[in-house]
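Converting from the sequence shown to the working numbering requires adding 68 to each position, the first position being numbered 1.
By construction, these hints were calculated from the structure, which means they are not laboratory data. Note that beta-carbon positions come from the ideal geometry of N, C-alpha and C, so glycine has one too. Incorrect hints may appear among the rest.
Okay, derived cross-link-like pairs now, DMTMM-like style, lysine to aspartate or glutamate, Cα gap no bigger than 20 Å in a straight line [what the hints assert, rightly or not]:
{"#": "1", "residue 1": "K507", "residue 2": "E448"}
{"#": "2", "residue 1": "K743", "residue 2": "E783"}
{"#": "3", "residue 1": "K743", "residue 2": "E776"}
{"#": "4", "residue 1": "K507", "residue 2": "D857"}
{"#": "5", "residue 1": "K507", "residue 2": "D563"}
{"#": "6", "residue 1": "K816", "residue 2": "D827"}
{"#": "7", "residue 1": "K816", "residue 2": "D796"}
{"#": "8", "residue 1": "K816", "residue 2": "E872"}
{"#": "9", "residue 1": "K507", "residue 2": "D484"}
{"#": "10", "residue 1": "K507", "residue 2": "D334"}
{"#": "11", "residue 1": "K507", "residue 2": "E456"}
{"#": "12", "residue 1": "K743", "residue 2": "D827"}
{"#": "13", "residue 1": "K507", "residue 2": "D452"}
{"#": "14", "residue 1": "K507", "residue 2": "D458"}
{"#": "15", "residue 1": "K816", "residue 2": "D857"}
What follows is a set of in silico ranges between Cβ atoms, one per label pair, in the way DEER data are often shown [unchecked claim]:
{"#": "16", "residue 1": "G570", "residue 2": "V718", "range": "56 to 62 Å"}
{"#": "17", "residue 1": "A127", "residue 2": "V161", "range": "31 to 37 Å"}
{"#": "18", "residue 1": "S980", "residue 2": "R881", "range": "23 to 29 Å"}
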Amino acid sequence: MSQAWERALRGAITGEVDTDPRRRAEYSSDASNYRVLPRGVVFPRDAMDVQATLDVARAEGLSVTARGAGTSVAGNAIGPGLVLDFSRHMNTVLELDPERRIARVQPGVVLAALQRQVGAHGLRFGPDPSTQNRCTLGGMIGNNACGPRAVAWGRTSDTVRELRILDGLSLERTLRDDLSVIAGLTEFTRSNLALIRTELGRFERQASGYALEHLLPERGSSIAKAFVGTEGTCGLLLEATVDLVPIPAATVLVVLGYPDMPTAADDIAAIMAVRPIAVEGMDARLVDVVRTHRGGAVPELPRGGGWLLIEIEGDTIEHARDRAELLRTSAHALDSRVVTDRAEAQALWAIRADGAGLAGRTPDGNPAWPGWEDAAVPPERLGDYLREFDTLRREHGLDGLLYGHFGDGCIHVRLDLPIADAPQRFRSFLEDAARQVVKFGGSLSGEHGDGRARSDLLRFMYSGEALDAFAGFKALFDPDAVLNPGVLVAPRPIDADLRLAGLRPLPTIGGFAFPDDGDLATAVHRCVGVGKCRADTHASGGFMCPSYLATADEKDSTRGRTRVLQEVVRGALDWRSDAVAESLDLCLSCKACHSDCPAGVDMATYKSETLYRRYRRRPRPVDHYSLGGLPRWLGAATRSPRLVNALSAVRPLRRVGLRLAGMDARRAVPVLADKSFRRTWTGSTTSRDAESTVLLWIDTFTDAFDPEIAGAAVELIESLGHRVRIPDTRVCCGLTWISTGQLDAARKRLRATVDALADHAVSGGLVVGLEPSCTAALRDDLPRLLPDDPRAVAVAGAVRTLSEFLESQPGWRPPDRTGHTVLVQPHCHQHAVLGFAADRRILRGTGAEVIEITGCCGLAGNFGMQRGHYDVSVAVAENGLLPALRAASDDSILIADGFSCRTQAAQLAGRSSLHLAQFLTNRMAR
C-alpha cells in the first residue's frame with residue numbers, strides 16, 4: 069500500500085512517482101563509490117511539479133536531491149529521500165538567440181543536444197566534460213563542470229548569466245548579480261569579505277567548497293555564478309540562461325610525447341604560451357589498456373611514456389598548422405606529431421573521453437575506483453605535485469592510471485582503493501592525499517565537486533571560519549537542510565554508505581566462469597556509473613544501449629540493470645524478485661556493452677547467469693523452451709520443410725502457435741528452405757591433396773533457412789585452393805540456450821561441439837563461421853562455459869569470421885563491385901566480440917559505395933520474437949536500420965550477415981538482403 073506522502077505527491081503532480089524496489093535500486097548510486105537507497109524517485113514535468121514535490125517533501129520530513137544523467141563521480145546525485153530526475157521531461161532548449169549568443173535551457177537538457185542546436189548557428193557551449201553526450205546542463209551547473217576546453221572558454225560558472233531556482237523553502241528566485249534576492253546575503257558577504265578574499269578563488273580550478281568569491285564586488289557580486297557548484301544543496305534549478313561561444317574556424321591536434329607525466333606537467337608554461345584551447349594529459353598505460361585488454365586500434369603516437377593532447381585553433385587550417393609548428397618547436401617534448409586526420413584525432417579524443425571507464429582496472433587487473441579522482445593544483449606546481457603523489461600512492465600500496473586536464477592543473481586517476489576489505493586504509497589514504505594537495509595550494513576537487521567523496525575532507529583545506537561560512541551560506545537558501553543533505557555542509561563520513569563495503573564473494577553454482585573478475589558479484593561492480601549507455605553514440609559507430617535509446621528509461625540502460633544486480637549479489641534483492649525480471653526484460657543480449665562500455669560491462673553474460681540462477685531446477689517461461697530450444701525444433705522441422713511452411717502460412721494456426729510458444733502473434737514465421745544445407749552437402753569438390761582443410765561451421769539458421777549462404781562460402785573457400793569439410797554430426801554453439809540462461813543444456817551441447825572440432829583445431833586447422841552470433845558464441849562463450857577443458861580454448865582460438873579468413877589469404881582480392889551501393893548492417897555480436905574491421909575493409913575494397921548502419925536491428929535473436937517485445941523491437945529498429953532502408957535507393961544492396969538482421973529487414977521493411985559470401989560470389993540475385 070502506498071504511503072501517505074506518496075499518495076499526496078501523486079495527486080499533486082503530473083509527472084511520475086516511483087517507489088518500487090527496482091527503481092530505488094537504479095537510483096541508489098551515481099558514478100561514485102556510494103550507495104544510498106532513496107525513498108522514491110520523481111520525474112517532474114514542469115516547474116510546478118518541482119515545487120509541489122518540494123512542498124510535500126518539506127511537509128513529510130523528506131530530503132530532496134536533484135539528478136540529471138547521474139554521472140556525478142563524487143556522490144552528488146544520490147540521497148535518502150526523494151530523487152528528482154530532470155532528464156526525462158524537463159529537457160527542452162527554451163530559447164536560442166544566436167545574435168546575443170545565449171541559450172535558455174531546462175535542467176535536463178543533455179549537453180550534446182544543446183551543442184547540436186547551437187552548432188547550426190556556428191556556436192557552442194564552452195565547457196565540454198567527457199560525459200557531454202549524456203550529462204545534463206543542470207548537472208554541469210550543480211558541480212561546475214569544465215572539460216578539456218575550459219582552458220579557453222572557462223568553467224560552467226563563467227558561462228552562466230541567469231538562473232531560475234527554487235530555494236529550500238520552496239520559494240522561486242531569479243539569480244543574477246543582485247545579492248538582495250536572498251535575504252541576508254548582502255550582510256553575509258560584507259561580514260565575510262576578508263575570509264572570502266584570502267581562502268576562496270585562489271586559482272581557477274579551486275572547485276571544493278562553495279564559490280563565494282563570486283559574491284565579491286570586484287568579482288561582479290554574481291549570485292548566479294556563486295550558485296554554480298553548490299551541488300544541489302542550495303536550490304533546485306528550473307531554468308538557466310547561459311553564454312555561447314563561436315566555434316573555431318579550424319583546429320589541429322598536436323600530440324607531444326614525454327618520458328612520464330610529471331615531466332609533461334613541467335612543460336605546461338611553454339604550452340600555455342601559445343594559447344591552446346585544450347591541453348589534456350594521458351598516461352601510456354591508459355593507452356595500453358585500449359591496445360591490449362580492449363583490442364582497440366590506437367593511432368600512431370610519438371615516443372614517450374605519456375602524452376599531452378593539445379588542440380590549437382586558427383583562422384584557417386594553415387594558420388592552425390603554423391601555430392601547431394610553433395608549439396612543437398617551443399615545447400620540450402621527446403617527440404611530437406601533428407594530427408590533421410579528423411578520424412585519427414577523434415579516436416585519440418575518444419580514449420581520453422573514456423578515461424573513467426578505461427581506468428577502471430589497474431595494469432594488474434585489480435578494480436580501480438574514484439574517490440581521489442579530481443584533485444587540482446595551480447598548473448605551475450603540477451609536476452612537483454605528481455611526483456609527490458606518486459610517492460604517496462606507492463607508500464599506500466596503490467596503483468592506477470592517470471589522465472586529466474593538465475592545462476588547468478586538474479588530475480583524474482582511479483586507484484585500487486581497498487574499499488571492500490579495508491575501509492580504514494581507504495580513509496587513511498584520502499586524508500593523507502588531502503593534506504598533500506593542500507600543501508601544494510591545491511583543491512580536493514577541480515570539477516567533480518565534493519559530494520560524499522570529499523565533503524568530509526574540507527576540514528583539511530579550509531579553516532573553521534570558512535566551514536562556518538559555508539554553513540551560513542547554505543542556511544540562507546535552505547535553513548531546514550532539506551536539499552541534498554550530507555554534502556558540503558554537515559557532511560557524511562567518507563567511509564559511510566560505500567557500495568562495496570561488506571560485499572561477499574558469490575558462490576558459483578555451475579554457470580559462467582568469470583576469469584577476469586572471479587565471480588558475478590565482482591563482475592557487476594565493473595559498472596562505476598559513467599553512464600555511456602545513456603548516450604546515443606551511433607554517429608561514432610556505437611551500438612550501446614539499444615533498449616535505453618528506445619525507451620529513455622534508466623531501467624533499460626546497462627547501468628540501471630547493473631545497479632539492480634548489485635542489489636541482488638549483496639542480498640538486498642532476490643534472484644526471483646519482480647525487480648530482477650523487470651530490469652532484465654528489455655535487455656536484448658546484444659553484447660554491445662561488452663565492447664562499447666568503457667568499464668567492460670557484459671550485460672548479456674550477466675543476464676544469462678542471472679536467468680540460470682533464477683530458474684535453475686524450476687519451471688521456466690514457455691518461450692525459454694520454444695525459442696531456447698530452437699535448434700532442436702528446427703532439426704525436426706527440416707525433415708518436412710514444406711509441411712511446416714504450409715502450416716505456418718495459415719494465419720489462424722500461426723497466430724495460435726506463436727501465442728502458445730510465448731511469441732508475439734504479429735510476427736511472421738521465417739520460411740524454411742526446401743532442403744537444408746546438410747541434406748544437399750555431398751562433400752568438397754577440392755582434391756584431398758589440397759594444401760589445407762577448412763572446417764565450415766554450419767549453424768542452425770544458415771542450415772535451415774539460408775543454405776545458399778553456405779554454398780557461397782564453400783565456393784569462396786574452395787576458390788582459394790582449400791578443401792572444405794563440415795562437422796560430421798549436427799552440433800551446436802548453444803547460443804539459444806545461453807541467451808535464455810539454460811547453461812547446463814548449453815554446456816552439454818558445447819561439449820559435443822568441442823568433441824567434434826577439437827582435433828581439427830588442435831592440429832592448427834581453422835573453423836570459419838557464417839552466422840555472427842554463433843561464431844561469437846564459439847569464440848567468447850565457449851571457453852567461459854567450459855573453463856576446465858583446454859580444448860575449448862583451442863577451438864575458440866581457431867574460429868574465424870569469413871572476412872577474417874579471406875583477409876588472411878595471400879594474394880586474395882575482393883571482386884570489383886564498382887557502381888553498386890551497399891548498405892551494411894553489422895550484427896551486434898560481431899561488432900562487440902568479433903569486430904567488423906575486416907568486413908569493412910573488404911567491402912570498401914570492392915569499389916562499391918558502402919553505407920554502414922550503426923546500432924542494433926532490434927530483433928536480436930529471441931528478443932524481438934518474444935511476447936511483449938514487439939513494440940520495443942520496432943523502436944530499436946527505428947534508431948538505425950529502418951531509417952537507413954527508407955533513405956536508400958531501390959537498387960541498393962543490403963548486406964546483413966546475421967539471420968536476425970535479415971529477418972527484421974524483411975519483416976519490417978520488406979527488404980531482402982545478402983550475406984557477405986553471396987555478395988563476393990556471383991550469387992547476387994536478390
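Here is how each hint holds up against the structure:
no. : hint                    : verdict
1   : K507 / E448             : holds (14 Å)
2   : K743 / E783             : holds (18 Å)
3   : K743 / E776             : holds (10 Å)
4   : K507 / D857             : violated (56 Å)
5   : K507 / D563             : violated (23 Å)
6   : K816 / D827             : holds (18 Å)
7   : K816 / D796             : holds (18 Å)
8   : K816 / E872             : violated (28 Å)
9   : K507 / D484             : violated (24 Å)
10  : K507 / D334             : holds (18 Å)
11  : K507 / E456             : holds (11 Å)
12  : K743 / D827             : violated (29 Å)
13  : K507 / D452             : holds (11 Å)
14  : K507 / D458             : holds (15 Å)
15  : K816 / D857             : holds (13 Å)
16  : G570 / V718: 56 to 62 Å : holds (58 Å)
17  : A127 / V161: 31 to 37 Å : holds (34 Å)
18  : S980 / R881: 23 to 29 Å : holds (27 Å)
The structure is inconsistent with the numbered hints 4, 5, 8, 9, 12, although it conforms to all the rest.
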